[in-house]
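Peer 1: Protein chains in written order, with our numbering: chain A, 1 to 601; chain B, 1 to 585.
Derived by calculation from the structure, the hints in this document are not laboratory data.
For clarity, every value in this text was computed on a predicted model and none was experimentally measured.
Quick reminder that beta carbons are idealized off the backbone N, C-alpha and C, glycines included.
Any given hint could turn out to be false.
[Said to hold, decoys possible] If you anchor each label on the Cβ, the simulated ranges turn out as follows:
1) B:V239 with A:V153: 23 to 33 Å
2) A:D372 with B:S129: 56 to 66 Å
3) B:K235 with A:Q109: 40 to 50 Å
4) B:G312 with A:Q109: 33 to 43 Å
5) A:A204 with B:Q423: 43 to 53 Å
6) A:Q211 with B:L11: 25 to 35 Å
7) B:S129 with A:A13: 42 to 52 Å
8) A:P359 with B:N354: 51 to 61 Å
9) A:Q407 with B:K550: 19 to 29 Å
[Claimed, not checked] Covered stretches of chain B, going by a simulated chain A footprint (3 or more residues, C-beta under 8 Å):
10) 29 to 43
11) 190 to 201
12) 368 to 382
13) 503 to 515
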Amino acid sequence: MHEEEVLGKAYDARLMRRLLKYLRPYRGHVAVGIAMSIVISGMEALRPYFTKIAVDQDIASGDKHGLLMTALLFFVVLVVRGLVQYANAYLTQWIGQRTIFDLRMEIFQHLQNLSLKFYDKNPIGRLITRVTNDVEVLNEMFSSGIVMVFSDVFTIAAILYFMFTMNLGLALVSLSVLPLLFYGTFLFRKKAREAYREVRLQIARINSFMQEHITGMLVDQIFNREKKSFDKFSAINGAHRDANIKSIFYYAVFYPGIDLIGALSIGLIIWYAGANALEGTVTIGTIMAFVQFNEMFWRPIRDLSEKYNILQTAMASSERVFQLLDDTSVLPSPQHPAALEHSKGEIEFRNVWFAYNIPSDGAQSPEWVLKDISFSIKPGETVAIVGHTGAGKTSIISLLSRFYDIQKGEILVDGVNIQHIKPQDLRRHIGVVLQDVFLFSGDIKGNINLGDFLIPLDRVKAAARVVGAHRFIEQLPGEYDAEVKERGATLSVGQKQLLSFARALAFHPKILVLDEATSSVDTESELLIQAAIKKLLQGRTAIVIAHRLSTIQNSDKIIVLHKGEVREMGNHQELLSRNGIYRRLYELQYKDQEVKAQSAT
Amino acid sequence: MKPLLRLLPYLARYKKTLIVGILTVVGSNLFSIVQPLFLGYAIDELKAGMESKTYITSDLLLWAGLIVGFSVIAGFFTFLTRQTIIVVSRHTEFDLRNDFLSHLQKLSYSYFQNKPTGDLMAHATNDISSVRNVLGPGIMYPSDTILTFVLVLTMMLTRDWQLTLLALIPMPLVSIVVYRVSKVIHDRFTERQELFSRLTTRAQENLSGIRVIKSYVREAFEIDEFRKLSWDYLKKNLVLAKAQSLLWPLMFLLVGCSIVLTMYFGGLRVIDGRMTIGTLSAFMSYLLMLIWPMIAFGWVLNLLQQGAASMGRLGAILDSIPEIRDTVQTNHSLTEIEGRIEFRSVSFTHKNANQPALQDIDLKIEKGTTLAIVGYTGSGKTTMVNLLPRLYDVTEGQLLIDGNDVRSIPLTVLRSNIGYVPQETFLFSDTIADNIRYGLDNGDSSIQQASEISQIHKDVNDFPKQYDTMIGERGITLSGGQKQRTSIARAIMREPKILILDDALSSVDTYTEEEILRRLKSFMEGRTSIIISHRISTVKDADLIVVLDKGQIVERGSHEELVAQGGIYADLHQKQLLEKELESM
């Protein structure tokens with residue numbers, strides 16, 4: 001929260017240059033936009049000019065026809081200007097939208113390529129803000145910011161041109177208040193920014209206090225601290241109010257101040273006109289035109305402070321966005337990747353050492369999660385990994401899919417070091433079923449084939465049939481098109497697991513990685529799941545982090561992992577008779593299942 | 001608009017300031033409305049001077065001076081308007097936000113369980129600020145707008161009613177355009193927001209499920225899907241842009257038409273000598289003065305609509321009645337608690353749950369004794385202790401403290417005598433001392449005493465600023481064990497008659513745990529304690545141990561008795577011995 005509230009400087013050349021790069025593909029459109037801005041600005045400045053013509057030429061000479069012509073011409077200019085203005089407003093939006101579309105896709109694509117290590121470090125909420133809100137802020141800059149700044153500058157230029165060509169003296173006189181205006185605006189901008197910063201700071205404080213005390217409401221209530229907390233909140237809330245009131249003061253001075261400067265300028269125009277009226281250099285129409293110019297001139301200058309805010313927030317957002325884009329936590333992909341078209345499904349871990357974090361100073365030894373792990377799995381074999389919490393089971397399966405790179409040793413698939421295979425090619429052969437089933441919102445079918453059109457409905461159905469998910473899917477309204485809510489909210493735990501089995505199966509992996517869920521399900525689902533797992537393991541190499549006795553008993557080999565090391569290996573009976581770690585794990589985790597299974601039959 | 005009525009009491013507090021504010025609006029309008037007239041007179045005089053070739057500077061200076069002078073006065077009034085009406089809006093925002101929080105504080109635990117914090121936060125920030133807009137700009141602009149409109153119209157009509165009507169032909173169109181187009185904009189904006197939230201959800205899901213996506217090599221597909229959605233979002237934005245881009249050009253065009261009409265027909269009048277050129281100039285200025293009210297009209301309408309919707313949502317929260325509070329049943333003569341607890345056939349069912357979380361609990365805990373509760377996850381342990389500080393009220397049966405139904409004990413008395421260390425430790429981003437003291441005024445010595453019992457004192461001494469060290473985002477991060485020990489100190493500090501530790505030692509190592517329990521023993525003399533734990537080591541010395549299973553007490557007795565019984569407790573005991581063995585292997 002706090003980092004988001006910090007306001008940096010409003011203009012950073014380095015960031016700006018990088019941002020402008022995104023406009024490059026649309027430079028033609030930008031050029032058209034700028035051209036249209038010039039036209040609009042010119043026509044805008046024509047308005048007082050028409051007044052002058054009407055007053056000085058037509059009305060002064062009593063030329064009714066001329067007046068009609070001037071009015072009609074003026075009308076035509078108005079219509080044309082309206083059309084161009086409309087086109088321009090739409091065009092600038094178009095440019096902004098296109099640009100941020102590109103930027104958003106770039107961020108999203110970048111996120112897809114980042115390694116899991118990156119995701120371990122960065123809270124998802126923050127990343128979402130990058131893809132959505134930060135990009136949205138930049139939209140404002142791209143669409144209303146850049147082109148509009150041009151438009152403001154041109155408007156000022158056009159007005160200046162007309163003023164000076166109409167009457168040099170009058171132009172100088174009416175512009176003489178300009179320094180006052182600039183100074184006033186500058187002072188206001190400075191004060192308002194300080195006040196604004198203070199307001200933001202207090203808002204952030206209010207928000208974090210609220211957030212914390214709503215989350216911790218229970219604590220406040222059981223300790224009877226409502227009153228004290230309220231007093232504290234009231235103080236922060238009051239500081240926020242006072243900061244706002246302070247900023248109101250600046251606005252209250254600024255707006256009337258601008259009006260006053262305008263009035264001053266009009267007063268000067270009248271005075272100058274009076275002084276020079278006899279010389280005949282000033283006409284009535286000119287005066288009326290100048291009064292209008294006077295009003296038109298303030299708007300672009302007044303807008304400055306608003307533009308400044310847009311720019312400032314845009315800079316802060318782009319800084320964060322670029323920081324993300326510059327993050328290079330991507331797994332190194334091999335330069336000459338080994339082909340792994342068809343995998344046999346042979347796996348070998350050879351003296352693997354792994355730590356999630358390597359201390360940067362090198363002096364400290366890293367916290368090894370896996371130490372010198374070696375084992376091999378023949379094609380078609382099922383290997384169960386068992387171990388107590390924190391033994392390193394999950395790390396083993398993450399390493400096989402190469403979500404992380406190891407520090408020492410080698411992991412081989414079909415005899416090829418997986419670092420020599422493109423991660424995507426490797427993962428295509430591995431079906432992963434995680435403990436915590438992740439379902440996407442969408443439909444059943446899409447959750448099984450994950451949107452892969454190479455897996456048609458009949459293959460989806462076949463996979464569901466094999467794992468026994470077909471039966472409950474049939475009962476759903478719409479069957480395979482049935483809606484799945486976010487995180488599969490409407491499905492039971494057992495159903496979700498069956499779906500994830502079907503998903504793994506649909507992709508025909510050669511290697512299956514299964515992290516059995518520990519959550520208990522009712523007996524019927526349990527039997528379904530056990531049957532499904534059996535089917536799933538058939539004919540493929542499998543590594544299972546086992547929580548079920550049945551799975552362990554059916555596996556070819558059991559690897560007992562303890563404190564990051566392989567301590568025992570063998571089949572169920574061998575290991576039990578050894579009276580070592582496995583025996584205790586068995587008594588701790590699996591024995592009850594045996595008792596239950598016996599009592600059930 | 002009806003929900004906005006409940007703002008009246010808030011505004012009533014600042015009645016005088018608001019009246020002054022409205023008066024200043026009148027003042028500033030009166031003084032600015034005449035300025036175009038002065039300009040017009042000046043122009044007429046100039047014209048006369050030019051034609052008659054006479055020198056007229058002194059009179060002109062008067063008009064110029066009047067324009068500047070009136071502008072000063074009008075400006076002063078405008079200044080006052082902002083300093084009154086807008087300032088009041090900030091005051092009411094303050095009041096409203098305070099009321100919002102203090103109401104939340106009264107709501108019971110179950111309310112927060114059903115309401116995501118994010119939602120409440122959104123109400124507190126967005127809704128309150130849009131209500132604030134109604135109170136400030138929503139009052140200032142309409143009064144200003146209407147007044148300007150009326151005054152300008154009067155000025156124009158009294159000068160030349162025919163020309164006024166001609167000039168104003170396009171004006172109603174302006175309001176209609178603003179209203180119609182902003183309605184379209186609003187609808188399209190809603191559609192766009194919907195897509196934006198879909199885009200956000202998609203990103204959220206993608207990033208949460210990144211492991212699955214990478215495992216199945218679905219990155220390309222996800223990018224495609226996101227691109228499609230982004231593209232739809234872009235299109236929706238452009239559809240919105242079409243309407244948005246229309247608003248201003250169309251309005252300027254309509255206003256421009258007014259000016260053209262005025263110029264032409266006014267010009268004809270000047271040529272015919274029925275109007276002076278100065279009046280024409282005043283007319284033109286007045287027209288420009290009308291633009292803003294026309295625009296503001298549509299805009300303010302939107303503000304009011306949004307504000308009403310927001311106030312409706314806030315109202316729903318402010319009107320929700322706290323489930324647990326002092327009632328007529330409360331016996332206010334109860335000011336002390338001894339600590340004798342009795343559960344009398346207590347059952348409790350969560351709202352919308354089919355099965356009771358607690359069933360027929362009968363249990364007596366004498367003053368000064370220690371009760372331990374063990375059981376599997378979800379067996380109802382936490383629910384059971386939550387009944388004591390009345391986070392929930394029993395569904396059936398009675399919970400008595402010192403023989404009084406808890407519902408008859410005033411909430412403050414009840415809660416201030418209970419020291420509760422919840423399962424999820426929650427500390428505030430504040431200093432360690434403030435977290436332990438947590439609003440009490442006791443001196444530093446009692447903080448230290450409490451910290452020594454809970455074994456956090458030594459850790460604190462190693463912190464950069466000891467007890468003044470900030471914790472949380474802007475300070476140091478405590479380990480799970482340190483958090484638990486701080487939270488225990490916080491409970492001890494209050495010298496409660498009843499101490500509840502809900503799995504509060506789970507992250508503390510066994511050695512420290514023993515030390516804490518040993519020190520607690522002497523502190524708890526004469527006080528009642530309830531300890532929930534998964535660890536046998538924590539509970540084995542309790543006076544009474546009960547085992548909960550599926551909301552019922554299935555075993556009760558001392559450690560030795562329960563181990564001998566060979567039930568759930570004995571099983572847990574056995575498993576923990578095994579774990580210990582494993583740990584040492």
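Peer 1: It remains to establish, for every hint, whether it holds in the given structure.
Peer 2: Hints, verified against the model:
{"no.": "1", "hint": "B:V239 with A:V153: 23 to 33 Å", "result": "30 Å, holds"}
{"no.": "2", "hint": "A:D372 with B:S129: 56 to 66 Å", "result": "60 Å, holds"}
{"no.": "3", "hint": "B:K235 with A:Q109: 40 to 50 Å", "result": "20 Å, violated"}
{"no.": "4", "hint": "B:G312 with A:Q109: 33 to 43 Å", "result": "42 Å, holds"}
{"no.": "5", "hint": "A:A204 with B:Q423: 43 to 53 Å", "result": "30 Å, violated"}
{"no.": "6", "hint": "A:Q211 with B:L11: 25 to 35 Å", "result": "29 Å, holds"}
{"no.": "7", "hint": "B:S129 with A:A13: 42 to 52 Å", "result": "34 Å, violated"}
{"no.": "8", "hint": "A:P359 with B:N354: 51 to 61 Å", "result": "52 Å, holds"}
{"no.": "9", "hint": "A:Q407 with B:K550: 19 to 29 Å", "result": "47 Å, violated"}
{"no.": "10", "hint": "29 to 43", "result": "holds (count 5)"}
{"no.": "11", "hint": "190 to 201", "result": "holds (count 4)"}
{"no.": "12", "hint": "368 to 382", "result": "violated (count 0)"}
{"no.": "13", "hint": "503 to 515", "result": "violated (count 0)"}
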